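Asker: Listed below are the residues making up each chain.
There are 6 protein chains.
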Amino acid sequence: MDYQPLSGREFPRFSAIKTFFRLPVATPQDDFDVAFLGIPFDGGVSYRPGARFAPSRIRESSSLGRGFHWGRGEQLFSKLKCADIGDCPTVPIDLAQTYSKIESFIYQLVSKQKKFIAAGGDHSITLPILRALKKKYGVPLNLIHFDAHLDTYPAAWNCEYHHGSFLRHAIEEGLVNPLQTLQIGIRGPLASKEDLDFIQKHKITCWTMDDVRADSIKSIVRQLPHFTSGPTYLSFDIDGLDPAYAPGTGTPVPGGLTTYEVQQILRSLKVSHLVGADVVEVCPAYDHSDITSLVAVDVMFEILGILSQ
Amino acid sequence: MDYQPLSGREFPRFSAIKTFFRLPVATPQDDFDVAFLGIPFDGGVSYRPGARFAPSRIRESSSLGRGFHWGRGEQLFSKLKCADIGDCPTVPIDLAQTYSKIESFIYQLVSKQKKFIAAGGDHSITLPILRALKKKYGVPLNLIHFDAHLDTYPAAWNCEYHHGSFLRHAIEEGLVNPLQTLQIGIRGPLASKEDLDFIQKHKITCWTMDDVRADSIKSIVRQLPHFTSGPTYLSFDIDGLDPAYAPGTGTPVPGGLTTYEVQQILRSLKVSHLVGADVVEVCPAYDHSDITSLVAVDVMFEILGILSQ
Amino acid sequence: MDYQPLSGREFPRFSAIKTFFRLPVATPQDDFDVAFLGIPFDGGVSYRPGARFAPSRIRESSSLGRGFHWGRGEQLFSKLKCADIGDCPTVPIDLAQTYSKIESFIYQLVSKQKKFIAAGGDHSITLPILRALKKKYGVPLNLIHFDAHLDTYPAAWNCEYHHGSFLRHAIEEGLVNPLQTLQIGIRGPLASKEDLDFIQKHKITCWTMDDVRADSIKSIVRQLPHFTSGPTYLSFDIDGLDPAYAPGTGTPVPGGLTTYEVQQILRSLKVSHLVGADVVEVCPAYDHSDITSLVAVDVMFEILGILSQ
Amino acid sequence: MDYQPLSGREFPRFSAIKTFFRLPVATPQDDFDVAFLGIPFDGGVSYRPGARFAPSRIRESSSLGRGFHWGRGEQLFSKLKCADIGDCPTVPIDLAQTYSKIESFIYQLVSKQKKFIAAGGDHSITLPILRALKKKYGVPLNLIHFDAHLDTYPAAWNCEYHHGSFLRHAIEEGLVNPLQTLQIGIRGPLASKEDLDFIQKHKITCWTMDDVRADSIKSIVRQLPHFTSGPTYLSFDIDGLDPAYAPGTGTPVPGGLTTYEVQQILRSLKVSHLVGADVVEVCPAYDHSDITSLVAVDVMFEILGILSQ
Amino acid sequence: MDYQPLSGREFPRFSAIKTFFRLPVATPQDDFDVAFLGIPFDGGVSYRPGARFAPSRIRESSSLGRGFHWGRGEQLFSKLKCADIGDCPTVPIDLAQTYSKIESFIYQLVSKQKKFIAAGGDHSITLPILRALKKKYGVPLNLIHFDAHLDTYPAAWNCEYHHGSFLRHAIEEGLVNPLQTLQIGIRGPLASKEDLDFIQKHKITCWTMDDVRADSIKSIVRQLPHFTSGPTYLSFDIDGLDPAYAPGTGTPVPGGLTTYEVQQILRSLKVSHLVGADVVEVCPAYDHSDITSLVAVDVMFEILGILSQ
Amino acid sequence: MDYQPLSGREFPRFSAIKTFFRLPVATPQDDFDVAFLGIPFDGGVSYRPGARFAPSRIRESSSLGRGFHWGRGEQLFSKLKCADIGDCPTVPIDLAQTYSKIESFIYQLVSKQKKFIAAGGDHSITLPILRALKKKYGVPLNLIHFDAHLDTYPAAWNCEYHHGSFLRHAIEEGLVNPLQTLQIGIRGPLASKEDLDFIQKHKITCWTMDDVRADSIKSIVRQLPHFTSGPTYLSFDIDGLDPAYAPGTGTPVPGGLTTYEVQQILRSLKVSHLVGADVVEVCPAYDHSDITSLVAVDVMFEILGILSQ
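Protein sequences appear in the order of chains A, B, C, D, E and F.
Read in order, the letters of the first sequence correspond to residues 39 to 347 in the working numbering.
Read in order, the letters of the second sequence correspond to residues 39 to 347 in the working numbering.
Read in order, the letters of the third sequence correspond to residues 39 to 347 in the working numbering.
Read in order, the letters of the fourth sequence correspond to residues 39 to 347 in the working numbering.
Read in order, the letters of the fifth sequence correspond to residues 39 to 347 in the working numbering.
Read in order, the letters of the sixth sequence correspond to residues 39 to 347 in the working numbering.
The following block holds chain A by itself, in its conformation from the complex:
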């Protein structure tokens, strides 16, 4: 297999069966470097559901994608062999079964030395991914976490696992190193002051919007921490962006990042061993003209750029 995207000069970009970036379909056993996959599950959401349709819509929007990254000066799909491995099996009405399926699926993938970029799904999918990665790598991961929300919230309605608690569990289970965790884009009213206890206690680095806007974006990106040792994971909740840029999401919060800021940050991150990433909480039923899906595609492409470092 040659792992090249279907050319727009052969089939126009609106045509052909939709895969991520028009890449060939592969199985985890095949000879590629980076897998694109969907994890269509939204059974952990507290407000607007619908992220289960995100992988399908992001595949469609990714038809517009091209491969040469101007800033990096590289044809990413030539540097890395990439493929669409389809969707991870999920059970829309059972979080526990789904967690088990995600963990197995990802573990199977990474145990073959593959890296991956997953399209969620809501943010509850990240926890079983991290469990699989911890099992593979044996050490807590570094984490880069874009979000409007802290995602360290307690159980809700007697349910430990939901889309606002992945980071708390990830740290409590030792999957993630809090001292090497960076949050970006956090903002908005909280339920109470206690919401801040967890990140303060665990010394998580939290860049609120005020931190991101404390200086010009050119200056800010120079202050990003480096992730030069140990495996690193990147989880991108699309609501880190402002609703003007990403309206199609489940719990939008005004006052967020612009796409340009996201691009600058992602291009400036120094990550020596990125092992996987996800883009979550795209909710197509609340999008218009697929602008949110298109931003998700852009983020996935920038993440591929980090993987190519």
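Misleading hints may appear alongside valid ones.
Identical copies go unnamed one by one, so any copy, or any two together, can satisfy a pair.
[To be verified] Straight-line distance between alpha carbons at most 27 Å, and here's what the computed DSS-like set of lysine-lysine pairs gives:
no.: 1; residue 1: 231; residue 2: 256
no.: 2; residue 1: 117; residue 2: 241
no.: 3; residue 1: 256; residue 2: 153
no.: 4; residue 1: 308; residue 2: 231
no.: 5; residue 1: 150; residue 2: 231
no.: 6; residue 1: 241; residue 2: 174
Just so you know, these hints were derived from the structure itself, not from any lab.
Just so it is clear, the structure is predicted and the values come from calculations on it, not from any experiment.
Starting from the known structure of chain A, fit chains B, C, D, E and F onto it as the hints suggest.
Answerer: Quick look at chains B, C, D, E and F alone, frame taken from chain A:
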């Protein structure tokens, strides 16, 4: 309390806090006859989620409602004392907890001799309602069931309870009398011929669209069975209507009922002891200009007409 | 001027400045038979405003219109000289001033022996039109009135004139002959039984949806009354149609007419002296893909067919 | 290959890479009976473009499809081996090149004795399909043609080939037998009386909406002509349906077919040798909640039922 | 009454009858500090109507609201007793009656020493509010006015009062102190140079977008004037924001504020005696996915923060 | 003719037949300075079509336009005589014929010493405009080009002319002086590094988004090159803006310009001899609430400001 809707001459219909039909808010203990309530849960859906937002949107659309039923020649809100008792508590990400809460809530209500019309939620909410009614009335209920789907499907992904299996469980648990069960609006491709086994085995009366259209609607409604003995429940899945009339739903099926047919059928039903009803599967994120919510309002009003018989 | 629509073979139908049916722009003084005009006023609505944008959107949708009426076997734009005379001036926030402007504008037009088809606006615009016609013709007019609502309602919030009272005033002011008034499409819950008093007292012929559906549409249209003496006016409230066919309106009511039924009725009406007509209550902000505007265009074209009899 | 749709019990219907009816992907050389394919081209439209996105959206909507046809009592995907062969290559901005590609692609397919159901694209794609079929079968084809429009129009803007002229060319080129051509759903204003000359001269059987509604649909379908000798083609323009049922199309015409009528007609057609079919003019940008795509899926499934006869 | 918002842990945020911020319903006589209320009137608009639906939609969007203000380090709903007092009565088709009702309603409220945050309605509602406040406080108020437009325009169509003239009347009637009036966000083409005369003559402080962008937002907010003596009112026209951030409004103007800028300005304002505020011109029919309503909620919460100073 | 826009005080802005900025309709022969016109052609697009509807929608949105430019301190419609000359004829399905018609139409216009601002259409319309201008002025033009894309791409599918190649042809045909060509807003992934060869070889000045954001916008605009000799053309592809600001376009690219930045750049450009301009790639079917059309109106007004220098 006088249980009269807020007049549009006092507050225009776009104004005021939204309750069903602009009725006063009450608690189950209050002195009314019929409760309107929401059961915002969509954790049982297999395709498009979002019915959790239906109670809110149906309340809004019901602002256009008026009380005099022309065909029946009665002011329904004068004949019956009606109130909005708010929403039944639910847990969006846990079907088992939600089932327990629904059963308790409905049982508490009917044990006070109240009747009710509930706005779902997906169709999985009907099973715990029926459990509560069986507990209250002690006998299997008669059932009038509008739907595009049979809802007698087997477990999916190892999950017994979902939005396509309520009727199977209701019959297997003895909550409903299959010989006094009438389905209306059924149509569309099936997964396999075995899908028909359950209703055939249990001798459920199933009116497909072909049955409804076998003659003029005026003739057809004269052939409706009567439900003159025993408590009767009515469950109205909005997808019984054609997608042209009710686009805002999770699993639409072309070739369905028109609103006029639904009105004629509901006005012609002879039901001597209707104890409760639901309207389910309205999914506002897929609606436009609230036409589906408005149809749900219309159905709820016609059901109130049956309760007034 | 040749009063021919701009051909789609010269300028594609999506192009050119938008006039009704791509007709030339004229002034009331010019030498045409039938004027198309807009009356963009929605200051009489009780629920969803927005009909002020209908003339503009209907002009756009009418670009798809063609001139040969198959059933009548005639090129209507050849038989009658038609023109777009622009919009009647209105004051969006003052009903009284607007009524005066409409009455003057229409009187000026009909005093020059012109006929017209107007695009509203909400239904409150019909009253000043009828005043102008009464002034011109000196006798109460016959009226054909498509609507879901009776429009004989009393004052609201101390306001005599609103979009639900035009017919009451028209009869009370002697503008319309109730014995030669036909209502079609009426349905839906009423505020109270007293809502029926006016039409009963004045012996208005009211065809409810049940009347329209009492037999096949082919049979029903044969029972339409004839309007063979005296000037006749036709007022078409788009909510006479079902919300599935005309979602873009302010106070939709489920269970209404289909476009085919409307076409059959309009083609079967025997009217010897139609002097004017309106199509009102199209509300583009609640439409989708302009299907409601397109129905309005269709109705206007069928009315032109009646004018050509 | 087993040519079975991916089960919804394995992967929920919102998940997995989207193919028609979740069928496996195949090449024309593979061992199947019926190919589903897309022909994404809208370079022949005179008003609203966008049908190029229909194959993608119809694939997505077909995820809801199931295989057991109740009326026929058969599992269609078991009776016939079906596959998705992807999209025919097209050139969005060059009709001539596209015609050549379509003709080659279809000829290659049918020369391997395959049958097919194609999703357009606008109606201009049907002509090169018919050219390929004529080349294969050597005789003019019988044609069943659902549409609001006659599609026998002359050249426009000096362009012979566009979405309103396919039938004229097909007959002039001898691809189709006019005496075995049936049009269904025709309606709406024409440019002039001359528009009728072609079908009258060639004695095409044209069922207008008045013909379809001349009696009950049960009676009407019994009058359908049989196509018992010679190869037959079926071309379904989605605008044959009323805009209430199929808003997502380029040139909608009020007063059209309902989905139920279409189902009844398709189930009643007697066609002994159907060799191919298309569903065209679905325009997703003007659809809402994919109800038009879903109708297209329904039509494709009913056509498969005819192929299984 | 405890004046606490309904917890999302008790009822999920999509459920329950919708009040502002899920606060309890109260009457003006009750023992609270700050009233949230709706003033659903859009009878003063010159272009797109529909703001009458804003209170209902903002109530719905405010379900996502939480109470702890990070920047201020306070639980605002604990510091201040807040309640939803429903909607002020209005007459949709009569501005004069509505003005009288608003003035009475607000005066009744403030005469009981309550403060309030009102959701309009169009900007014409602010004038009767200011009249009530002047009556209560006896002195001209300080005014903080976010808007794209000056709102000092002359009478239109012989109507003195409309949504573009409130500030002119407020100053001419002596309700507002022009020397203590600050406008923010002003921009866009004017009808003529004379439009600037009023603010220049009255020495109103007008911060155009160029003024807001003259330096970094961090620097700009340090230059905000203080309002340390006398009662102050804040009127927030949502079109002060750019249409990308607030598309759902009646007369959008490109080039406006971002939500982040608004948050920074509102958090930096020094106002010692804020007595009331409004957020106006949200027009839900032109919104998508409620992003504009959500911004309105955010602004209301920030205003509550100022009230808590 | 007095070439003044229809006043909003005479006819409210939602009323009257829609022309650009409510200007009078004129023919190219009339006595005006600047023509507004539409060029409704989208036959050159590779992804989402629909720009053919832009002139109509931009005319509608321009109803909100006013004439006094605050920054320039001038009533532009008084300084320059402006008119709407309607649409250039086009052939939706034939690029070659359309190119010929555009070139003739523009040449006819400029040969009468008129300047113009055209609303496309897709970006393929710019090439025949430039051909007409070259013919008129005899020298290669200076070009100011806002876009996300370079538009120097090679032939696609054997088609030389499409919406991504206008600049390549303009330079190869000697219509434009590459040394006096400024691109602004360029960004996004490329197909390959070779995409940059053309602009590098021809020494085109290309301001990417990184260049625009290298300093504050106030500083950046001071670095804009001056165009003080020779005729200059300005081509504004609406996708130069970020999709948050201009969602209604065919090939959106995240990370683009804001409307404020565009306003600042357009107000700062020093152009002594602007001879024409276009705004292209507005695609109304993908817009919401016309925010993209409104931005196009804003850009056209700012360009008029440059023409008034």
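Asker: May I ask which of the numbered hints given earlier this structure violates, with the numbers listed in increasing order?
Answerer: Per hint list: 2, 3 and 5 violated.
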